[in-house]
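Colleague: Mind the numbering: the sequence shown is residues 1 to 287 in our numbering, read in order.
It is possible that part of the hints are untrue.
Stated by the list, open to error - BS3-like mimics (lysine-lysine), calculated; alpha carbons at most 25 Å apart, straight line: (1) Lys135 with Lys101; (2) Lys101 with Lys133; (3) Lys272 with Lys261.
Unchecked claim - Here are the in silico distance ranges between beta carbons for each label pair: (4) Arg103 with Gly52: 30 to 36 Å; (5) Thr56 with Val282: 43 to 49 Å; (6) Gly72 with Val286: 28 to 34 Å; (7) Ser62 with Leu236: 23 to 29 Å.
The hints are simulated quantities; they were obtained by calculation from the structure and are not laboratory data.
Note that this is a predicted model, so its numbers are computed, not measured.
Heads up, the beta-carbon is just placed ideally off N, CA and C, and yes, glycines get one too.
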Amino acid sequence: MATEILSIQSHVAYGYVGNRAATFPLQRLGYDVTAVNTVQFSNHTGYGEWTGQVFTADHVASLIDGVEARGGLDATAAIVSGYLGDASLGSVVLDAVERVKARNPMAIYACDPVMGDLGRGFFVRDGIPEFFKTKALTVADILIPNQFELAHLADRPVTSLETAMLAMADIRALGPSQVLLTSFEPDDASADEIAMLLDTTDGTWRVSTPRLPLNPAPNGAGDCTAALYTGKYLRLRDPAAALAETAAAIYAVFEATAARKSRELALIDAQKALVNAPQSFVVERVR
1 MATEILSIQS HVAYGYVGNR AATFPLQRLG YDVTAVNTVQ FSNHTGYGEW
51 TGQVFTADHV ASLIDGVEAR GGLDATAAIV SGYLGDASLG SVVLDAVERV
101 KARNPMAIYA CDPVMGDLGR GFFVRDGIPE FFKTKALTVA DILIPNQFEL
151 AHLADRPVTS LETAMLAMAD IRALGPSQVL LTSFEPDDAS ADEIAMLLDT
201 TDGTWRVSTP RLPLNPAPNG AGDCTAALYT GKYLRLRDPA AALAETAAAI
251 YAVFEATAAR KSRELALIDA QKALVNAPQS FVVERVR
């Protein structure tokens, strides 16, 4: 069985977002990860200041060419993409997906359409939202947006369970067989909890976890969640079970982060829980 994952997203020298939030969890789950970085920044952009650069499409493509030449795509079970940095990188990602699937038709493409968030709006360069909306959606097997991104991609407000399910169904009609909404806060949500919602061709599931005192909320949670779900789904091949394990694992990360009073995800502190979380949460079927 293929046990390698190609992860194409951002890199930071300090902190845990992008590949820094995805690679270690996937490795702890037992996967070899080929991490291709779309940018290299000193830290994530949520701090307001950073140094570094966005890599060109040619640079990223050359890295994938080099990996391919070493046989590094031959046993790839999944491609995960996240923060792009520039819209020109979109075609590089989709080309990599095509190459991997030519070798392994059962490989899955998990797309985290990083482009914005509630209360913050868009925070990516022009052209990136359009890439996700017009191109990536038709290729992705699993789409892993936050609430803001889901509303944009589906062209409808997401304010309730009903509107979220309609938006996710709209997305599935465009290509993905699964849509995982990583942070779901409907208008009538309890202030004490936060939910994730998973929609597939076979049903829709919701899982809620307690809201922890994280202020400011750490960046990279969506990147980590996307990686965890991809890794756990590859092993379990059961969306609801993968959702349950993902929710438990990311909650343990949040607990460790809150205990440390850190703005960065406490992945090292929570590493055992990434594999076997001490607490579980009920996954409720809503469709």
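Colleague: If you test the structure against every hint from before, which numbers come out violated?
Modeller: Hint check: 6 and 7 fail, others pass.
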